[in-house]
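From first to last, the protein sequence lines stand for chains A and B. Counting from 1, position 39 in the first sequence corresponds to residue 949 in this note's numbering; the numbering is continuous, with no gaps. Counting from 1, position 17 in the second sequence corresponds to residue 31 in this note's numbering; the numbering is continuous, with no gaps.
One or more hints might be untrue.
Some, not all, of what chain B presents toward chain A, calculated at C-beta under 7 angstroms [unchecked claim]:
#1 Tyr193
#2 Leu195
#3 Ser238
#4 Ser241
#5 Asp242
#6 Ile245
Worth flagging that the hints you see were computed from the coordinates, not collected in a lab. No residue lacks a Cβ here, since even glycine has one placed at the ideal position from N, Cα and C.
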Amino acid sequence: YQRRVRGSYIALHSQIHSSCFQNIYLAGKSITEKAVNRIVNGDTILIFKKSQLILHILLEAKAQNKEFKVVVVDSRPDLSGVSSCERLTAAGIPCSYVYINSSTYIMKKVTKVMLAADALLANGYVLGPVGTAMMGLIANTYNKPVIVCCETYKFCERVQTDSILYNELADPDSMLKTLNAEESPVAGWRESPNTRLVNLVYDTTPPALVSIVITEIAELPCSSAPVVLRRGAVKM
Amino acid sequence: IDLFVRFITLSRGQNAPSSEIDILECKGFDPVRKFLVDRGNLFMKRLKDSRRKIAQLAYPFISDGVTVLTVNMSRVVLEILMKAHEKAKKFKVLVTESEEGPLMVKKLNDQGIQATLILDASIGFVMERVSFVLVGAVGVVENGGLINKLGTYPVAVMARSLNKPFYVAVESFKFYRNYPLSQLDLPNDAKYENAEDTKHPEVDFTPPKYINKLFTDLGVLTPSAVSDELIKLYI
Chain A
911 YQRRVRGSYI ALHSQIHSSC FQNIYLAGKS ITEKAVNRIV NGDTILIFKK SQLILHILLE
971 AKAQNKEFKV VVVDSRPDLS GVSSCERLTA AGIPCSYVYI NSSTYIMKKV TKVMLAADAL
1031 LANGYVLGPV GTAMMGLIAN TYNKPVIVCC ETYKFCERVQ TDSILYNELA DPDSMLKTLN
1091 AEESPVAGWR ESPNTRLVNL VYDTTPPALV SIVITEIAEL PCSSAPVVLR RGAVKM
Chain B
15 IDLFVRFITL SRGQNAPSSE IDILECKGFD PVRKFLVDRG NLFMKRLKDS RRKIAQLAYP
75 FISDGVTVLT VNMSRVVLEI LMKAHEKAKK FKVLVTESEE GPLMVKKLND QGIQATLILD
135 ASIGFVMERV SFVLVGAVGV VENGGLINKL GTYPVAVMAR SLNKPFYVAV ESFKFYRNYP
195 LSQLDLPNDA KYENAEDTKH PEVDFTPPKY INKLFTDLGV LTPSAVSDEL IKLYI
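Could you put the whole structure together from the sequences, leaning on the hints where they help?
If you want it as structure tokens, here you go:
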């Protein structure tokens, strides 16, 4: 019996490992290949906060000696864009760093927007870190192509048209960190009945705002992403 | 060419014989060759039928008293208009000059359809009097966008601006597996006729948001359905 259990454990382990390898690592490589083709010399690419996949794409493009600049848009409270910026400048890619408040200002100077998704819903909506929808909307206003990079394992049967139906809350106290060392004026928010701190994690971007979704299977328009799901192309 | 090759080699559409699997496992080249030739013949047959099918689908959109705007010469559009005329609809056609506009006007007039040639510059002027725009295509791309003769994009933007429907009549073999994000993303050999003369491109790209419907031999599609069809064929 022990041997059987161990055998099935090994089988499960190898299944998980190979699934991870295929769906995440190899998918990432395939997406990188396709996405790097979209980057041309002279581009200014806008990215939002930190995404392993997007960073991988940009570093690969640099490795292929493409000449381009990156604008990193960051937002509180986690400020993960800082580490994005560090990695990119370490690779020799010229980087600009702005807060999300100035995104309308720099959007004019940008040629492409590359966003990562946490999930792609069945109605074509893109679930991403909060602020992604803003990037999509502003990019559309300035007529810049929005490229969303998403592996197929992130495709989801859920349908959502807004960020309120389902969302997650992160630690509200992290919003208390101010840029100068002063104590935040809302530090006593738990005692006050009128004050709530809401640190949303996700938001949804409508498919109309996205120019193209790059997955490892194909480059698709955002509204067709669920079709791939229907066709059973997502093998779990 | 691209689509033809894919059709005969890759497609596992409804017409694929159930013995396809046997063929692929077959030893020897002859059955495979026969299969390819059969697929090729099917493709040619479909080609000839497609324009007729499109005209059949599209002519109901032309009712009495409409004014249709079209860009340049397109045999598919010509077929649709001829079909509508055959069904005794009374309508007017405005054709932009472009490169072969006069030829289109002549062909329409020969059929007894009232056609007027207009300057490309006057599309703003005429758009308010137009009922809808119907154009042909050089190609349709993966997101449902349109590649057509230079001058189509401004017409599409103008039509959208004045809320006029913009229809595209295109055979399904013109669907390309290409995904341009901007005008410059089109491959150079599509844009220019000869490599030396790169001053004026031959074609421009109309993004899918300006297109209302596409009349194809696969049916009347919306731009997002185009990618669905392509996925069905190739993924």
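Going down the list of hints, with the structure as the test:
no. : hint   : verdict
1   : Tyr193 : holds (5 angstroms)
2   : Leu195 : holds (4 angstroms)
3   : Ser238 : holds (4 angstroms)
4   : Ser241 : holds (4 angstroms)
5   : Asp242 : holds (5 angstroms)
6   : Ile245 : holds (5 angstroms)
Checked against the numbered hints above, the structure violates none of them.
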